[in-house]
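Listed in order, the protein sequences are those of chains A and B.
Quick note: the first sequence, position 89, residue 89 per the working numbering, numbers continuous.
Quick note: the second sequence, position 35, residue 35 per the working numbering, numbers continuous.
Please note that a few of the clues may not be correct.
Unchecked claim - Now the stretches of chain A that chain B is said to cover, found in silico as 3 or more residues with beta-carbon under 8 Å: (1) 117 to 131; (2) 137 to 143.
Said to hold, decoys possible - Derived pair list, reagent style DSS-like, types lysine-lysine, alpha-carbon separation capped at 25 Å: (3) B:Lys49 <-> A:Lys177; (4) A:Lys177 <-> A:Lys95; (5) A:Lys177 <-> A:Lys136; (6) A:Lys188 <-> A:Lys284; (7) A:Lys256 <-> A:Lys209; (8) B:Lys49 <-> A:Lys184; (9) A:Lys242 <-> A:Lys263; (10) B:Lys28 <-> B:Lys53; (11) A:Lys143 <-> B:Lys96; (12) A:Lys290 <-> A:Lys209; (13) B:Lys52 <-> A:Lys143; (14) A:Lys143 <-> A:Lys184; (15) B:Lys49 <-> A:Lys143; (16) B:Lys96 <-> A:Lys136; (17) A:Lys219 <-> A:Lys284; (18) A:Lys242 <-> A:Lys259; (19) A:Lys371 <-> A:Lys259; (20) B:Lys49 <-> A:Lys189; (21) B:Lys130 <-> B:Lys28; (22) A:Lys177 <-> A:Lys188; (23) A:Lys189 <-> A:Lys177; (24) A:Lys136 <-> B:Lys53; (25) A:Lys120 <-> B:Lys96; (26) A:Lys284 <-> A:Lys177; (27) A:Lys188 <-> A:Lys136; (28) A:Lys219 <-> A:Lys290; (29) A:Lys33 <-> A:Lys246; (30) B:Lys52 <-> A:Lys136; (31) A:Lys263 <-> A:Lys33; (32) A:Lys136 <-> A:Lys189; (33) B:Lys49 <-> A:Lys136; (34) A:Lys295 <-> A:Lys209; (35) A:Lys256 <-> A:Lys33; (36) A:Lys188 <-> A:Lys95; (37) A:Lys371 <-> A:Lys246; (38) A:Lys143 <-> B:Lys53.
The hints are simulated quantities; they were obtained by calculation from the structure and are not laboratory data.
Positions of the beta carbon are idealized from the N, C-alpha and C atoms, including for glycine.
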Amino acid sequence: MHDIDINVHHIARVEGHGNIVIDVKKGEIREIKLEIVEAPRFFEAMLVGRRFPEAPHITARICGICSIGHTIASLRAIEDALGIEPTEQTVILRKIALEAEILQSHVLHYYFLAAPDFLKVPSVFPLAASHPDVVKRAVRIKKLSDDICTLVAGRHPQPVSLVVDGVTNLPSESGIKEAVSRLKEVLKKDMPPTMDFFNSISIPDFERKTDYVSLVSDKEYPFYNGEIYSSETGFVSHRDYKNKVKEEVVLHSTAKHVKGPFKPYTVSALARLNNNNIERLMPKAKEAVKRLGLKVPNYNPFNNNLAQVVESVHNIESMIYNFETLLSRGIKDERAGRGIAGWLTKLPKSEKSWGVGAVEVPRGILFHEYKIDEDGLITSSNCIIPTGQNLANIEADMHAYVPQILDRPKDEITLLLEMLVRAYDPCISCSSHLLEVKFVE
Amino acid sequence: MNEIAVVGIGNVLFKDEGLGIHAVRLIKDEGIDIIEAGTPGFGLLDIVKNYKKVIILDAVDMGKPAGTIGRFSPEQVVSISKGFSLHEMGLAEVIKLGTAIGEDFSNVIIFGIQPQDISFGEGLSEAVKKNIPNLIEEVTHGAGYAGNA
Chain A
1 MHDIDINVHH IARVEGHGNI VIDVKKGEIR EIKLEIVEAP RFFEAMLVGR RFPEAPHITA
61 RICGICSIGH TIASLRAIED ALGIEPTEQT VILRKIALEA EILQSHVLHY YFLAAPDFLK
121 VPSVFPLAAS HPDVVKRAVR IKKLSDDICT LVAGRHPQPV SLVVDGVTNL PSESGIKEAV
181 SRLKEVLKKD MPPTMDFFNS ISIPDFERKT DYVSLVSDKE YPFYNGEIYS SETGFVSHRD
241 YKNKVKEEVV LHSTAKHVKG PFKPYTVSAL ARLNNNNIER LMPKAKEAVK RLGLKVPNYN
301 PFNNNLAQVV ESVHNIESMI YNFETLLSRG IKDERAGRGI AGWLTKLPKS EKSWGVGAVE
361 VPRGILFHEY KIDEDGLITS SNCIIPTGQN LANIEADMHA YVPQILDRPK DEITLLLEML
421 VRAYDPCISC SSHLLEVKFV E
Chain B
1 MNEIAVVGIG NVLFKDEGLG IHAVRLIKDE GIDIIEAGTP GFGLLDIVKN YKKVIILDAV
61 DMGKPAGTIG RFSPEQVVSI SKGFSLHEMG LAEVIKLGTA IGEDFSNVII FGIQPQDISF
121 GEGLSEAVKK NIPNLIEEVT HGAGYAGNA
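Whenever a hint applies, use it, and build me the whole structure from the sequences.
In structure tokens form, the structure reads like this:
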């Protein structure tokens, strides 16, 4: 066969596209919009009529990057509805899986999506040529995270062994020991150069104090469990989340905007850092805050990238701690005693109930809410994802930032606005190359 | 683990786009590892490292009639992908990025079939279905792993 040049196409999945529209007439800003053009996913409708053990498996498919996040929010909503308290070992396993997933999401975001902007290259491909170590590091950490997710949850993406009230498979001690060893290696060898890298870049100077919403906890730096807190309006119980989280339809966006309840707010790594006592961070993560020169509380949205670096360090240390806890206690097979582990078992007696799961995932706080009937079927569901909660705040940021940079060249304004959107690590940044900044003149 | 892997990649929810997966499911050989990789992204780097020879089967847009079989090296894979996406690390992107960081793809060959229909849905088009056996023949007994790559 003769050689041929080919183009290999891979089918596009449904992913976000974002357009930024700026309308300026004689120096006056008439319109600033972040248009989201994304097909509806219908997951909330898909869950109706399904048996509740199916919900975590179905909602895991909402996303390939945060599939464990969705699974855990789903499990917590169901357990909240049915009054189920999983064992401490189950909680530890879920925490490890969640933090492994957050680690790989953060690393890929700040190295592959955000870093090129700071190095003034268009994508990670030239970065691979100029900074191959950076790319190798990201790939290595991602592989470790994926292996940990597979060890604990059976597979990444889309976990298989995390179920209501337990796990269907247990990690081996040898697998855990290997994971700990690799985590320690990454902590020692990969995180210091990561911090050096982010110390060497120049972050745009912009501040806008907003409402920061996240879980807070006085026991630990919270991802799996905590109280919902807003820096403007205070605490709200998870079952009352709708008092704070108000969705509204917006004409220029197929994704709803969310206000809290009247003004925009943000969820993110930065929100978590602003709302939580940094003493709750693991030791090296606390050092990372200082090393990165991150002033806390911090009102520069571009610093969300740095907050993610801090969290990456924390995630690694936290996983080591949790794994070593499991090893010291010994892994117990708790599956036999608990009747709900998996959808092949007979459904337990259910009663009409409803519950909410609120969990921190890479991009911020994620809510799942379900109503379950007496036959164990879901009668309604609501999923509010972090990116949706940030859209109104991103627009508010642009409204504040554009006047400050209006005198700069068009190319620079475009790049800065794209960087601003990317700093939130929204799902649409996966197609950040398609961010079109339209100047209406 | 054998020394040779035949890896099917693609998405079976998008008709012909999943032909790589459908094809590997029809290969039965104890002497090679058959891998349904789905949409593996960086996971492909691991597979490439672990085997002496890796034969990838995929839907490939060559601009030819549906069902046409093609064979090419990693260098010939030129991406006109719309950009970089964490949700969509295609074969071309993985090879490009991997090469840039010094990974070796010299043990990889790619075989493909020109798809007819890659819209949402299950099952293969007739044009592709009838050429799967030819593809498998190419891979297993032709220029594939039986020696002559």
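Consistency of the hints with the structure:
1. 117 to 131: holds (count 5)
2. 137 to 143: holds (count 3)
3. B:Lys49 <-> A:Lys177: 24 Å, holds
4. A:Lys177 <-> A:Lys95: 17 Å, holds
5. A:Lys177 <-> A:Lys136: Between Lys177 (chain A) and Lys136 (chain A) the Cα gap is close to 24 Å, so the pair holds against 25 Å.
6. A:Lys188 <-> A:Lys284: Holds, at roughly 10 Å.
7. A:Lys256 <-> A:Lys209: The hint holds at about 23 Å.
8. B:Lys49 <-> A:Lys184: At roughly 24 Å apart (the allowed maximum being 25 Å), Lys184 (chain A) and Lys49 (chain B) satisfy the hint.
9. A:Lys242 <-> A:Lys263: 14 Å, holds
10. B:Lys28 <-> B:Lys53: Given pair Lys28 (chain B), Lys53 (chain B) holds - Cα atoms ~17 Å apart, limit 25 Å.
11. A:Lys143 <-> B:Lys96: 18 Å, holds
12. A:Lys290 <-> A:Lys209: 21 Å, holds
13. B:Lys52 <-> A:Lys143: 21 Å, holds
14. A:Lys143 <-> A:Lys184: Judged against 25 Å, a Cα distance of about 15 Å means the pair holds.
15. B:Lys49 <-> A:Lys143: Holds, because 13 Å separates the two Cα atoms, which is no more than 25 Å.
16. B:Lys96 <-> A:Lys136: 13 Å, holds
17. A:Lys219 <-> A:Lys284: 18 Å, holds
18. A:Lys242 <-> A:Lys259: Cα-Cα ~10 Å, so holds.
19. A:Lys371 <-> A:Lys259: Roughly 23 Å between the alpha carbons, so the hint for Lys371 (chain A) and Lys259 (chain A) holds.
20. B:Lys49 <-> A:Lys189: 22 Å, holds
21. B:Lys130 <-> B:Lys28: The given pair, whose Cα atoms are some 18 Å apart, holds under the 25 Å limit.
22. A:Lys177 <-> A:Lys188: At roughly 17 Å apart (the allowed maximum being 25 Å), Lys188 (chain A) and Lys177 (chain A) satisfy the hint.
23. A:Lys189 <-> A:Lys177: 18 Å, holds
24. A:Lys136 <-> B:Lys53: With Cα atoms ~23 Å apart, Lys136 (chain A) and Lys53 (chain B) stay inside 25 Å; holds.
25. A:Lys120 <-> B:Lys96: Given pair Lys120 (chain A), Lys96 (chain B) holds - Cα atoms ~20 Å apart, limit 25 Å.
26. A:Lys284 <-> A:Lys177: 21 Å, holds
27. A:Lys188 <-> A:Lys136: 16 Å, holds
28. A:Lys219 <-> A:Lys290: Distance of about 22 Å is within 25 Å: holds.
29. A:Lys33 <-> A:Lys246: The given pair, whose Cα atoms are some 20 Å apart, holds under the 25 Å limit.
30. B:Lys52 <-> A:Lys136: This hinted pair holds, its Cα atoms lying about 22 Å apart.
31. A:Lys263 <-> A:Lys33: With a Cα-Cα distance of about 16 Å, the restraint between Lys263 (chain A) and Lys33 (chain A) holds, given a limit of 25 Å.
32. A:Lys136 <-> A:Lys189: 12 Å, holds
33. B:Lys49 <-> A:Lys136: Status holds; Cα separation ~14 Å.
34. A:Lys295 <-> A:Lys209: 13 Å, holds
35. A:Lys256 <-> A:Lys33: Holds, because 13 Å separates the two Cα atoms, which is no more than 25 Å.
36. A:Lys188 <-> A:Lys95: With Cα atoms ~22 Å apart, Lys188 (chain A) and Lys95 (chain A) stay inside 25 Å; holds.
37. A:Lys371 <-> A:Lys246: 19 Å, holds
38. A:Lys143 <-> B:Lys53: 22 Å, holds
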